[in-house]
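Chemist: With chain H held as given, fit chain R onto it using these hints.
Number of protein chains: 2
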Amino acid sequence: MPPPPQRPNVLIVGSIALDTVETPREKRENLIGGSATYASFAAAIFSSVGIVGIVGEDFPAQGISLLQARGVDTRGLVIRPGRTFYWHGRYEENMDNRTSLRTELNVFADFDPRLPPGYITAPYVFLANIEPRLQLKVLDQVRAPSFVMADTMDLWIRTAADELDGVIQRVDLLTINESEVRLLTRETTLARAARRLLSRGLNHLLVKKGESGSLLFSRERLLFVPAFPLEEVRDPTGAGDAFAGAFIGSLAARGSRELEDLYTAALSGSSVASFAVESFGADSLAHLTKAIADSRKSQLLSMVHPSFVKQ
Amino acid sequence: MPPPPQRPNVLIVGSIALDTVETPREKRENLIGGSATYASFAAAIFSSVGIVGIVGEDFPAQGISLLQARGVDTRGLVIRPGRTFYWHGRYEENMDNRTSLRTELNVFADFDPRLPPGYITAPYVFLANIEPRLQLKVLDQVRAPSFVMADTMDLWIRTAADELDGVIQRVDLLTINESEVRLLTRETTLARAARRLLSRGLNHLLVKKGESGSLLFSRERLLFVPAFPLEEVRDPTGAGDAFAGAFIGSLAARGSRELEDLYTAALSGSSVASFAVESFGADSLAHLTKAIADSRKSQLLSMVHPSFVKQ
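Order-wise, the sequence lines are chains H and R. Here the first sequence stands for residues 1 to 311, where the numbers follow our numbering. Here the second sequence stands for residues 1 to 311, where the numbers follow our numbering.
Source of the hints: derived by calculation from the structure; they are not laboratory data. Don't take each hint at face value.
Identical copies go unnamed one by one, so any copy, or any two together, can satisfy a pair.
[As the list claims (entries may be wrong)] Distance condition first, Cα-Cα at most 20 Å in a straight line; then the derived DMTMM-like pairs of lysine to aspartate or glutamate:
{"#": "1", "residue 1": "Lys209", "residue 2": "Glu232"}
{"#": "2", "residue 1": "Lys137", "residue 2": "Asp172"}
{"#": "3", "residue 1": "Lys209", "residue 2": "Asp96"}
{"#": "4", "residue 1": "Lys27", "residue 2": "Glu92"}
{"#": "5", "residue 1": "Lys209", "residue 2": "Glu231"}
{"#": "6", "residue 1": "Lys290", "residue 2": "Glu93"}
{"#": "7", "residue 1": "Lys209", "residue 2": "Glu178"}
{"#": "8", "residue 1": "Lys27", "residue 2": "Asp96"}
Same shape as in the complex, but just chain H (with noise of 0.2 Å):
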């Protein structure tokens, strides 16, 4: 009898992709992108991941081969005849805003996720920035996780706005940034839109706000979570999802859902989320260790403790 398929700690499901990235001072061609990709990077550090996404056959063999080492599942991940997903996008000088000068879909044009057996009962599950109808498909197919938290983006708030807001009904946790939280709800101020998004039926919400942290709410409680300063940034491409891997592996590997936990895997994400930004592409994540995450996280701890010891 053959061993049953294993099952990974952690299920992302999104985008898998070829990134051009240019900021003021660099240009860097066909870097190993996407939401899955660094979330999956991010996640793997803390805890066994599966990933699902698609890929046309230009995808370097490398990439597939360095999501492997870091133990991620890659039998969720579909290669097809066509060229991988593609984004080309540029950042002003101080590489808050961005401007997408090149969008491909290619073969993600198809993408119908199938998660592969061991897949389906992965107690934790983190739907990354793709179409809400992909993850609402990726949702149908899992079996009573224990935690479910979903990214998106604008583009899907102002033309999937329905099928959004059924995945919002059936997560634990959306995580979003500052404006599109405020497109999304139409309020002014995030205290508001929290509250709106909270009496709607979400249990958690993390409001990215980039350099200057993120917000987690809750029904009772509203934690803040600090950035770490950095010196340089020289890649902001890909940091709410290194952010959120980080986040969903770090709470997979506690099997918790508490509320301090999540403040704690925050934490973890916050820190993962700033190696991100100090490189380019991807697979700068690959080689991440866990001691040296974690070390940064107690300086983030430190930030808000001021009785915490120094290291």
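Modeler: This is chain R only, laid out in the frame that chain H set:
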């Protein structure tokens, strides 16, 4: 023999103004404002305050009596023939950006700050936002203060860099907003800007990021101070002054200059600043009690201490 002149615990010098404020929804004329006014009302919640400033004969007596009712020593408040410093500003939709429509120095043009006898030994000093030349004049008169902090603005960074540098050399803490510290240091990241200022002899730097909180940099540590997420922001005018005033007042009440107490003082600053933006004009702070300010300070603390017990 007459009793020795009373010594306020906190000395505050800055502008005292009549403000006209427009927001997308409201317009209010001739509000009692100015950096020293906001800061004094805020500091007086925690400690005894002596104010140094100048007003014209059009300044409402009610403004002075409100300060006195809060125990603010107004011997340092000079009334001169002419009109009070006047500012007219308009906030944009998001309340982040504002335009100064009109600024009239009026009696402020000839301001020559002279400290009343009791003021010169005040142990805590806040040089609120005025021309650095005037801040230096006050510094020349005080005698061995325990802790001096200064605020400034983009105008002085551009027009009085040398005098401002002289101020920075002589204070324990500089409070400044995010865009201004970039302008002052010509560094793009806050981490580098802070390192530059601290390496030039400054002990503490408090960078204000508005609704994203503040960062307190010192040589060994970096602390993050959350902002209270408000459901409605009515008038951001004076938030930074209220923060700084509550900070110095709270620190003075503790009689400390230790980092842990600076952090607690900053949480009080963040609390009081949040009340300041919930209404128009400085005099709204005249009705804020320490109990209410402390209660929101506890909420702020709970935002970064998940194990902190809710009240």
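Chemist: Could you run down the list of hints and mark each one as holding or not?
Modeler: Hints, verified against the model:
Within a single copy, lysine 209 and glutamate 232 get their C-alpha atoms as close as 18 Å, and across copies as close as 19 Å, so both meet the 20 Å cut-off. Taking the closest pair of Cα atoms, lysine 137 and aspartate 172 come within 20 Å of each other only inside a single copy of the chain (17 Å); across copies the shortest separation is 58 Å, beyond that limit. Taking CA atoms no more than 20 Å apart as the test, lysine 209 paired with aspartate 96 passes in both settings, with 10 Å inside one copy and 15 Å between copies. Proximity of lysine 27 to glutamate 92 under the C-alpha cut-off of 20 Å is restricted to the intra-copy arrangement: shortest distance 13 Å within a copy versus 35 Å between copies.
Within a single copy, lysine 209 and glutamate 231 get their C-alpha atoms as close as 18 Å, and across copies as close as 17 Å, so both meet the 20 Å cut-off. Proximity of lysine 290 to glutamate 93 under the C-alpha cut-off of 20 Å is found in neither arrangement, the shortest distances being 32 Å within a copy and 43 Å between copies. Taking the shortest Cα distances, lysine 209 and glutamate 178 sit within 20 Å of each other both inside one copy (6 Å) and across copies (15 Å). In this assembly of identical chains, lysine 27 and aspartate 96 lie within 20 Å of each other by CA distance solely inside one copy; the values are 17 Å within and 32 Å between copies.
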